[in-house]
Each structure stands twice: as C-alpha cells, then as structure tokens.
Amino acid sequence: MQITFYIFGLLVIVGAAGAVSLRKPIHCALSLAVSLAAVAGHFLLLGAEFAGFAQILVYVGAVAILMVFVILLTRENTPGEGLGVGRWMIGAGVAAGVFGVIAACALASKAVWVASAQPEATARGIGEQLMGAYVLPMEALGLLLTVAGIGAVVVAMPDKKVL
Amino acid sequence: MINTGLAAIFLWAGLEQGLGKLLDHGLSLLPPAWRTWATIVVLVGVMLGVFASLFALSTLLERKGLGRMQNRLGPNRVGPYGLLQPVADGIKMLTKEDIVPRGADGVVHFLAPLVLFAPLTLSFAVLPYGRHWVPLNLDAGLLFFFAAGSASELAAFMAGWSSRNKYSMLGGMRAIAQMISFEMPLVVASLSVVMISGTMSLAAIVERQEAWLWIFPKWNVFTPWGLAGFGLFIVAAMAETNRSPFDLPEGESEIIGGFMTEYSGFKYAVFFMGEYFGMFAVSGLAVTLFLGGWNAPLSFLPASFLWFFAKLMALVLVFIWVRGTLPRVRVDQLMNLAWKYLFPMTLLNLFVAALWHYTAVWRAPGGLALRWVLCFAAIAVPCAVLARAMMRSHKWAPRVYRFGD
Numbered sequence: 001m002q003i004t005f006y007i008f009g010l011l012v013i014v015g016a017a018g019a020v021s022l023r024k025p026i027h028c029a030l031s032l033a034v035s036l037a038a039v040a041g042h043f044l045l046l047g048a049e050f051a052g053f054a055q056i057l058v059y060v061g062a063v064a065i066l067m068v069f070v071i072l073l074t075r076e077n078t079p080g081e082g083l084g085v086g087r088w089m090i091g092a093g094v095a096a097g098v099f100g101v102i103a104a105c106a107l108a109s110k111a112v113w114v115a116s117a118q119p120e121a122t123a124r125g126i127g128e129q130l131m132g133a134y135v136l137p138m139e140a141l142g143l144l145l146t147v148a149g150i151g152a153v154v155v156a157m158p159d160k161k162v163l
Numbered sequence: 001m002i003n004t005g006l007a008a009i010f011l012w013a014g015l016e017q018g019l020g021k022l023l024d025h026g027l028s029l030l031p032p033a034w035r036t037w038a039t040i041v042v043l044v045g046v047m048l049g050v051f052a053s054l055f056a057l058s059t060l061l062e063r064k065g066l067g068r069m070q071n072r073l074g075p076n077r078v079g080p081y082g083l084l085q086p087v088a089d090g091i092k093m094l095t096k097e098d099i100v101p102r103g104a105d106g107v108v109h110f111l112a113p114l115v116l117f118a119p120l121t122l123s124f125a126v127l128p129y130g131r132h133w134v135p136l137n138l139d140a141g142l143l144f145f146f147a148a149g150s151a152s153e154l155a156a157f158m159a160g161w162s163s164r165n166k167y168s169m170l171g172g173m174r175a176i177a178q179m180i181s182f183e184m185p186l187v188v189a190s191l192s193v194v195m196i197s198g199t200m201s202l203a204a205i206v207e208r209q210e211a212w213l214w215i216f217p218k219w220n221v222f223t224p225w226g227l228a229g230f231g232l233f234i235v236a237a238m239a240e241t242n243r244s245p246f247d248l249p250e251g252e253s254e255i256i257g258g259f260m261t262e263y264s265g266f267k268y269a270v271f272f273m274g275e276y277f278g279m280f281a282v283s284g285l286a287v288t289l290f291l292g293g294w295n296a297p298l299s300f301l302p303a304s305f306l307w308f309f310a311k312l313m314a315l316v317l318v319f320i321w322v323r324g325t326l327p328r329v330r331v332d333q334l335m336n337l338a339w340k341y342l343f344p345m346t347l348l349n350l351f352v353a354a355l356w357h358y359t360a361v362w363r364a365p366g367g368l369a370l371r372w373v374l375c376f377a378a379i380a381v382p383c384a385v386l387a388r389a390m391m392r393s394h395k396w397a398p399r400v401y402r403f404g405d
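Chain order of the listed sequences is A and B.
Note that this note's numbering numbers the first sequence so that position 146 is 146, with each residue one more than the last.
Note that this note's numbering numbers the second sequence so that position 380 is 380, with each residue one more than the last.
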C-alpha cells in the first residue's frame, strides 16, 4: 500500500506543479487532470470508493473538459507573457492563506484520525445520508444547479429580434 | 436437433464448472503470497485475449454483414470465406509507418490513444460474465464503469487538439460535445435499474434478475420501464461509442477521419480497437442491466457465461445492422435528440420505474396486466407525443439543390 501511496502522491504534486508552470494553457489543463485523477487514487486507497469514482467522473470527465473548452473558445492558443512580481506575490499570498486555513482545519480535527480505521462509505450509506441528514443542503445545491442551467439556456437562446 | 442442442448446452455448463474448479485448484497450489497476483495476471490475460478475439471476429462480421446489406461480397480473399482477414489487417496495421505531423504536439499526440484505450479495458473488469466469473465486484461498480468511460472524452480532445489539423480539431470538438450530451441519458437510463435493484453492484443487479415467471425469465427488459430504458440506453450507447448513425466525430465524408485523421499505423489501430472495445463494454453493460447477464433465456437451461457473450454478440449484430441501415444524422439533429428527447424521456422513465415499484402490492387477478398497461402507457404515450411534436416542428419540403440547377 505504501508504494502506491507514494506513486499517487508524486503524481498529485507533479501534476499540480505542471498545471502552474507549463507554458501552453492546454498542457496546464491536462496536467491538472492528471493531478485530479491521482487525488481519486488517494480516495481509493482510503477505501472511499464512491468518492474516488465520483472524483474521476466529475473532475476528469467534466471539469477538465470544461477547462479545455473554455481555453479553446476564449483566447488565442499562445503562451502568455507571464505575470509581474507584484501579482506573483499576491498569488503566493492567497495560496499560502488558503493552505494555512485548510491545514489549520485538518490539524484541529484530531478526533477523526482515531475514529475508525475502515470507514463504511458504501454507496447506500452515502445515499441515505444525502437523503436523510443532509437533504436540505442537497436540495439547495439542486436549486443552484437548476438556476445555473436555466441561465445557460437563456444565454444560449437566439435573440428573436435579430432573426 | 433440439436434443443435441440441449445436450451441448448442459455439456458446456459442466465444462465451465470444471474449468473454474481446475483454475481454483491450480491457483491454490501456489504459495499464498503469489495467489492474488496470479489471479490478477490470469484474469487480465483472459479478458484481453477474449475481447481481442471478439474484436477480430466483429470486424470480420461487420465487413461481411455490411457487404451483404450493400449487395456485395465483403472480404473473401484471405483464407476460406475471408476468415483470416482480421489477421491480415493486424499485420498490415503493425507494419505500417507511424506518421506524426511536424506541427503536432508530440507528447499529447502519443498519449491520446493510450488514454482512450486503457480506461476502456478497465471498464471490462467490473462486468459480471458468469455467476463465478466476476473479476471485480465493486459496491459502486456502475459508477466505476462510467468513471472509466469518462476518460475517453479527454482522449478524443487530446487527439484532436494535438494533431494541429482543422479536421482533427473539428472531430475532437464534435466527439466531446456528443459524448457529454449522450452521457446524461445513458447514466439516467441505467439509474432506473439501480432504483429498482437497490444496488450499484453489477453482479447483484444480475442476481436480482434471476427470477422466473413459469419458464420465462424476469429480466428487466420485460418490464415497461425496462423496455423503454433499454431502448433509450441503446440509442444513447450508439452515440456514446460514436457508432453510425452517430459517427459524426469521424464523419469521413465531411472531416476525413475526425480526431483520428493524423494517426496512422498502430496508433490508428489502437483507436480503432478502442472504438470496438467501447462497443463491447457498453453492450456488456446493457446485457448486465437489462438482459439478465449470465442467466439463461429459459428456466430449465443452466446459467453460463456463454449466455452473456451470446447476448453481447447479438447486440453487436444489432449495432452493425443499424450501421448498414441508417444515414448519418446532422449535428443539430444529434443535439436535439440528446437534450430534447432522450434526456426528458429517461427522466420520465425514472418516474415510471417508481410507479412500477409502488404498484407491486396489487395482488388482484389481472393486476399484473393492469400494471403493465398503465406503466407502459405512462412512458410510451409521452414518447410518441414528443416524437410527433418534434417531427411536426420541421417543415418538410422537396429537396432543392441550389447549386445544381
């Protein structure tokens, strides 16, 4: 198990590094997809089948595709000029802040570490939780997605006056 | 005649059990530390071998079948009746020059066939072939299948973009748009089966279909929601695997070869094989979800993985038949079909499945027939009405050739 952990970990780090350092935007997006797929591998190592498969389905199958589509449709496919030092600093500051918050949260939740060695994260259990305890957040998300869908349709609809 | 057939089937079932026992015995002779790895090697080897042979067989079947439908002979030069044609094709593909365009993005161009092919072979791992022949029984097997399949969209884009060719790019864009659009009805159509079976494990879904009405099987396809779901699933599957009449990503008369235009030699062969493997995988899933998997079509026949492969090949034959019959659709027709017809109908089918589930308590005589009629009407009438409405919104007129007169 250890060796697979290190392989996936290396893939996550290399993919993420490539996503911010490669010159062509498409390469960055593909590199990010590698990183996200390796995160799914970590989920699987932890025994969270559902989360791992959903991660691949959503992030590699949809989000990565969306990214390359957006890159292709919005700008010329040429390498950018690079950012100034000031922007670099801001970016690094924001990244460090986000990392700090996540790390603080992870360190604060020590109880989870000893809770259960083999969590029972079956699809049925997740479904029952979603439909029971967490039904309100799920409904809210559904509403948000519906609104987004309607918005996309409205934006994409042809303008009647032009025709 | 029938007796010999029956005897052959039972003989085969016995052989299959013997083979399984022999395999178990052989593996138990190994030291325990090697057993897992030996099992994995045997499984992977057998699966790749079986599906590669099926691939060779179906290319021949397809060329022969299309030939018959188009009133010609098909391949008949290599071997008796052209049976060795796949071998000749394989040698040709292997020995051809591998051409990479000068402007191509080398790494991505090289990786694209692998990214397409590897996840497709992964999806074979969760299909239940026989009662004791389930390579990997996952709790979320169906989700694994779709997750593995979703990587092929990225591969089509990688191939199209890295070739630095407008036709490749167009083909790649078409492939992504089509796959994303038809993935929705495909997933939602299989959701109805998950709803009724109450599990996402593919082996368990087949076991739920192991019931009989007198001597006839109770497969999911013999219920109203199953019948509708199966039809919707097969149409979506045809589009998802880029089979004709939905072969727009290749569209050889418009964009040469789509995202495969700039591939030659063995890389092209890998794409070609990937397309067939995708067809096998999705047909295997259809057999698992709707056609009862390894179960025999009559109650007194033994279950065997032979039934699985027989049903799979029957579906492949249907795919070939459709390819020889229907012309290619346009892009707008394709999108209309996915979003305005298939997707709403699959959603409605979920409600019909729920109706079927909750009317199961009707015990009155004729209750089954009433349930059938009610549920069938609930899905068939909207299907017909929507189809008619969509046809009517078109203005049909004699074709005018503007550039010909």
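Calculated from the structure, these hints are not laboratory results.
Check the hints yourself; a few may be wrong.
[Unchecked claim] Each pair of labels, with its calculated beta carbon distance range:
#1 Lys395(B) with Val70(A): 29 to 39 Å
#2 Val400(B) with Val155(A): 32 to 42 Å
#3 Lys96(B) with Gly125(A): 50 to 60 Å
#4 Ser109(A) with Ile215(B): 53 to 63 Å
#5 Pro382(B) with Leu144(A): 22 to 32 Å
#6 Ile215(B) with Val155(A): 19 to 29 Å
#7 Leu136(A) with Pro297(B): 46 to 56 Å
#8 Ala62(A) with Trp372(B): 35 to 45 Å
#9 Leu10(A) with Leu136(B): 23 to 33 Å
#10 Thr146(A) with Trp372(B): 29 to 39 Å
#11 Gly125(A) with Leu213(B): 47 to 57 Å
#12 Ile215(B) with Leu10(A): 51 to 61 Å
#13 Leu144(A) with Leu11(B): 54 to 64 Å
#14 Leu136(A) with Thr359(B): 24 to 34 Å
[Unchecked claim] So these bits of chain B aren't anywhere near chain A, every CB distance computed over 10 Å:
#15 Gly5
#16 Thr59
#17 Glu97
#18 Phe110
#19 Ala125
#20 Leu138
#21 Ala140
#22 Ala147
#23 Ser150
#24 Phe157
#25 Met158
#26 Thr199
#27 Leu213
#28 Glu254
#29 Leu315
All values reported here derive from a predicted model rather than from experimental measurement.
Backbone N, C-alpha and C fix where the C-beta goes; we use that ideal spot for every residue, glycine too.
The hints, checked one at a time:
1. Lys395(B) with Val70(A): 29 to 39 Å: holds (36 Å)
2. Val400(B) with Val155(A): 32 to 42 Å: Holds, since Val400(B) and Val155(A) (Cβ atoms, about 34 Å apart) stay within the stated range.
3. Lys96(B) with Gly125(A): 50 to 60 Å: With a Cβ separation near 52 Å, Lys96(B) and Gly125(A) satisfy 50 to 60 Å, so the hint holds.
4. Ser109(A) with Ile215(B): 53 to 63 Å: holds (58 Å)
5. Pro382(B) with Leu144(A): 22 to 32 Å: Check passed, 28 Å falls within 22 to 32 Å.
6. Ile215(B) with Val155(A): 19 to 29 Å: violated (57 Å)
7. Leu136(A) with Pro297(B): 46 to 56 Å: Once the Cβ atoms are compared, 47 Å apart, the range 46 to 56 Å for Pro297(B) and Leu136(A) holds.
8. Ala62(A) with Trp372(B): 35 to 45 Å: For Ala62(A) and Trp372(B) the Cβ distance comes to about 38 Å; the hint holds.
9. Leu10(A) with Leu136(B): 23 to 33 Å: Given about 25 Å between the Cβ atoms, the range holds.
10. Thr146(A) with Trp372(B): 29 to 39 Å: holds (34 Å)
11. Gly125(A) with Leu213(B): 47 to 57 Å: violated (34 Å)
12. Ile215(B) with Leu10(A): 51 to 61 Å: holds (57 Å)
13. Leu144(A) with Leu11(B): 54 to 64 Å: Roughly 60 Å apart at Cβ, these two residues keep to the hinted range, so it holds.
14. Leu136(A) with Thr359(B): 24 to 34 Å: Check passed, 30 Å falls within 24 to 34 Å.
15. Gly5: Nearest chain A Cβ is 41 Å from Gly5(B), so the label holds.
16. Thr59: holds (28 Å)
17. Glu97: holds (27 Å)
18. Phe110: Phe110(B) clear of chain A: closest Cβ-Cβ about 13 Å, beyond 10 Å.
19. Ala125: Nearest chain A Cβ is 13 Å from Ala125(B), so the label holds.
20. Leu138: violated (6 Å)
21. Ala140: violated (5 Å)
22. Ala147: violated (4 Å)
23. Ser150: violated (3 Å)
24. Phe157: violated (6 Å)
25. Met158: violated (7 Å)
26. Thr199: About 8 Å separates Thr199(B) from the closest Cβ of chain A, which leaves it inside 10 Å; violated.
27. Leu213: holds (28 Å)
28. Glu254: holds (20 Å)
29. Leu315: holds (24 Å)
When each numbered hint is compared with the structure, violations occur for hints 6, 11, 20, 21, 22, 23, 24, 25, 26.
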